Amino acid sequence: MKSMNSQAPEKVDQQTPSVGQPCTHNDSASHDLSIRVRDLNLWYGNEQALSNINIDLFQNNVTALIGPSGCGKSTFLRCLNRMNDLIPSVSITGLVEMDGRDVNAAKMDEVALRKRVGMVFQKPNPFPKSIYENVAYAPRMHDLVSRKPEEDELVEKALRDAGLWEEVKDKLQQPGTSLSGGQQQRLCIARAIAVQPDVILMDEPTSALDPISTATIEDLMDRLKSQFTIITVTHNMQQAARVSDYTAFFHLGEIIEYNDTKSIFSNPATQKAEDYITGRYG
Amino acid sequence: MSDSFEKISQQLERRHRKSARLKYMSMGALALAASFLLIFFADMLNKGLPAFQQAMVNIEVNYSEEASRSGRAAIDRDLSDIVSRSVVRVIPLDMRNDPSLLGTTEQRWVLASGEVDQYLKGNLVRLDDEDKEIIDRLVESGKVEMQFNTGFFSRGDSKMPELAGIMSAVVGTVMTMIVTLAIAFPIGVMTAVYLEEFAADNRLTQLIEININNLAAIPSILFGLLGLAIFINFFGVPRSTPLVGGMTLALMTLPVIIISTRTALRSVPDSIRHAAFGVGCSRWQVVRDHVLPLAMPGIMTGSIIGLAQAMGETAPLIIVGMVAFIPDVTASFTDAATVMPAQVFTWANEPDRAFVEKTAGGIIVLLAVLISLNASAVMLRKKFERRW
Numbered sequence: 001m002k003s004m005n006s007q008a009p010e011k012v013d014q015q016t017p018s019v020g021q022p023c024t025h026n027d028s029a030s031h032d033l034s035i036r037v038r039d040l041n042l043w044y045g046n047e048q049a050l051s052n053i054n055i056d057l058f059q060n061n062v063t064a065l066i067g068p069s070g071c072g073k074s075t076f077l078r079c080l081n082r083m084n085d086l087i088p089s090v091s092i093t094g095l096v097e098m099d100g101r102d103v104n105a106a107k108m109d110e111v112a113l114r115k116r117v118g119m120v121f122q123k124p125n126p127f128p129k130s131i132y133e134n135v136a137y138a139p140r141m142h143d144l145v146s147r148k149p150e151e152d153e154l155v156e157k158a159l160r161d162a163g164l165w166e167e168v169k170d171k172l173q174q175p176g177t178s179l180s181g182g183q184q185q186r187l188c189i190a191r192a193i194a195v196q197p198d199v200i201l202m203d204e205p206t207s208a209l210d211p212i213s214t215a216t217i218e219d220l221m222d223r224l225k226s227q228f229t230i231i232t233v234t235h236n237m238q239q240a241a242r243v244s245d246y247t248a249f250f251h252l253g254e255i256i257e258y259n260d261t262k263s264i265f266s267n268p269a270t271q272k273a274e275d276y277i278t279g280r281y282g
Numbered sequence: 001m002s003d004s005f006e007k008i009s010q011q012l013e014r015r016h017r018k019s020a021r022l023k024y025m026s027m028g029a030l031a032l033a034a035s036f037l038l039i040f041f042a043d044m045l046n047k048g049l050p051a052f053q054q055a056m057v058n059i060e061v062n063y064s065e066e067a068s069r070s071g072r073a074a075i076d077r078d079l080s081d082i083v084s085r086s087v088v089r090v091i092p093l094d095m096r097n098d099p100s101l102l103g104t105t106e107q108r109w110v111l112a113s114g115e116v117d118q119y120l121k122g123n124l125v126r127l128d129d130e131d132k133e134i135i136d137r138l139v140e141s142g143k144v145e146m147q148f149n150t151g152f153f154s155r156g157d158s159k160m161p162e163l164a165g166i167m168s169a170v171v172g173t174v175m176t177m178i179v180t181l182a183i184a185f186p187i188g189v190m191t192a193v194y195l196e197e198f199a200a201d202n203r204l205t206q207l208i209e210i211n212i213n214n215l216a217a218i219p220s221i222l223f224g225l226l227g228l229a230i231f232i233n234f235f236g237v238p239r240s241t242p243l244v245g246g247m248t249l250a251l252m253t254l255p256v257i258i259i260s261t262r263t264a265l266r267s268v269p270d271s272i273r274h275a276a277f278g279v280g281c282s283r284w285q286v287v288r289d290h291v292l293p294l295a296m297p298g299i300m301t302g303s304i305i306g307l308a309q310a311m312g313e314t315a316p317l318i319i320v321g322m323v324a325f326i327p328d329v330t331a332s333f334t335d336a337a338t339v340m341p342a343q344v345f346t347w348a349n350e351p352d353r354a355f356v357e358k359t360a361g362g363i364i365v366l367l368a369v370l371i372s373l374n375a376s377a378v379m380l381r382k383k384f385e386r387r388w
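Protein sequences appear in the order of chains A and B. Note that the first sequence covers residues 1 to 282 in my numbering. Note that the second sequence covers residues 1 to 388 in my numbering.
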């Protein structure tokens, strides 16, 4: 057994550029950097929720964030599109860099950031509008489409990409809330990809869904990663193993281990990660 | 050892008795409240419904030379106490407006006097026996009858009860409410949107919130004094007008609209806001495109209820001079006007017996308007209520 004392602090506290880069042997995966995070700390009031997060997230991969409840993985996810701005008591230090720009910088517009970093939530939350409107609203708002036929085309493409088109093509004017839970979640994914973002954040996207809908969404993630960078939070270890290329293990607000998924599941470097993955706690 | 069934049921019996007693007491309270309401409605309808009927008399009008100077000459002298004075008064005017009438006679239905009206409705009147005999004869021959009182809905106030109508008060109320809504709705909704969706939760906003809640509980007459001091004396808004009345009532309605709008905004689930922020909406787009449409039914319900409250308000309007005698329908926002509750108040102060039924009739109209407003609030809520 490897000692966690020798491994974990080394992984987290190092300030060298290599920190956060998984020692990967996964040849199929791309290695273009999407988001670089350095020394990220986050407090809710006086309570520190994230400490010294260093991680590189790669383009066109699925990265899974796993860890026990309250470990900060969802908080970290929300740092990536500044959804934490909505919580008044949050304070953040450190660097979250996308395209060489600090997303927390004062001159970075969070609207522009969220156009490039979309989000899918834990509970399906379609707008209480028609299916069509759910998908068309944001592209229209961002001026991605100018004419009606263009808009129709974009809606169809997004719904096809989300694997929902065949099921809803005859009822586009019905309310999005009339769909089943799994369909609603795919509608939310269609809504996110219609904006044509670079990154899609998924916060436990299948935790409110039945196993069949879950499998559909997992397939979807696998197909979508050719177009988007996907970062997903999950409580489900098998899901992380199935869908992700990289996995980051969070514990008490720190990244204990970050590696390509195959290595982390077959040969975890730290005791904590091993205990969690084998189900000894969590 | 556990208790036997006997012991448990002994205790249970006491508990059941107690709950039954409470149930009957609350049913009694409800019955009492319902009976008060019933008595009120029955009394109002009993007193007020006759106001919707008006005695009319069929007479021969003789447009003679003399009649053009004094209307009395145009009608049978026996009938002079039976026909309303208002009819007598307009005959010379009619003749002046239409000279071709001169020398003709006309058989037509005209208003009977208030006394005749009251006599036919079975109330005590000051008519002498001779007149009563004439009336009885006319009734028998079908020359006097009760007709639906369209004048009550089409005329303004008058000192002659048979001529008094509620129209000027209705128009005054509508105009006042337009001013109130035009001021209170946008200011109230925008204030609530700011406090709920934009403002940080700090000491200042808490202070504002407490003050708004207090404002809703201030006696309405104080708003009248404020209106008098600020709008009339300081800004020189003409008194007795729908403008100043509406502005005063807007002050009163604002807190109601703000509070109900905030409640409606708060009931929109955060997941909708997150979804909208997630696709890159700015704060204003989130509010305009997603939160406000969902909150609208609640906002409208609150506004209508606030408006209904303002509509029934009399005290602040007395202070700004809207308890006026308005015989002609108000034409503009800066003309003197009265409102329905103020009209009821005015009629209630009239000594003439015939005004009792006018008062009750006015109350019925006011209640009908208020009930339909509240019903529309409920319907709006039902219609636009959406599930998510």
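Please keep in mind that the hints were generated in silico from the structure rather than gathered at the bench. This structure is a prediction, so every number in the text was calculated from the model and none was measured. Treat the hints with care, as some may be off.
[To be verified] List time: in silico DSBU-like cross-link candidates among lysine-lysine, alpha-carbon distance up to 35 Å:
| id | chain 1 | residue 1 | chain 2 | residue 2 |
| --- | --- | --- | --- | --- |
| 1 | B | 383 | A | 129 |
| 2 | A | 123 | A | 107 |
| 3 | B | 382 | A | 148 |
| 4 | B | 18 | A | 169 |
| 5 | B | 47 | A | 171 |
| 6 | A | 107 | A | 171 |
| 7 | B | 382 | A | 129 |
| 8 | B | 23 | A | 123 |
| 9 | A | 157 | B | 159 |
| 10 | A | 169 | B | 132 |
| 11 | A | 123 | B | 143 |
Point to revise | Index of numbered hints that the structure contradicts, given in increasing order | key: Hints 4, 5, 6, 8, 9, 10, 11 are the ones this structure does not satisfy, whereas the remaining hints hold.
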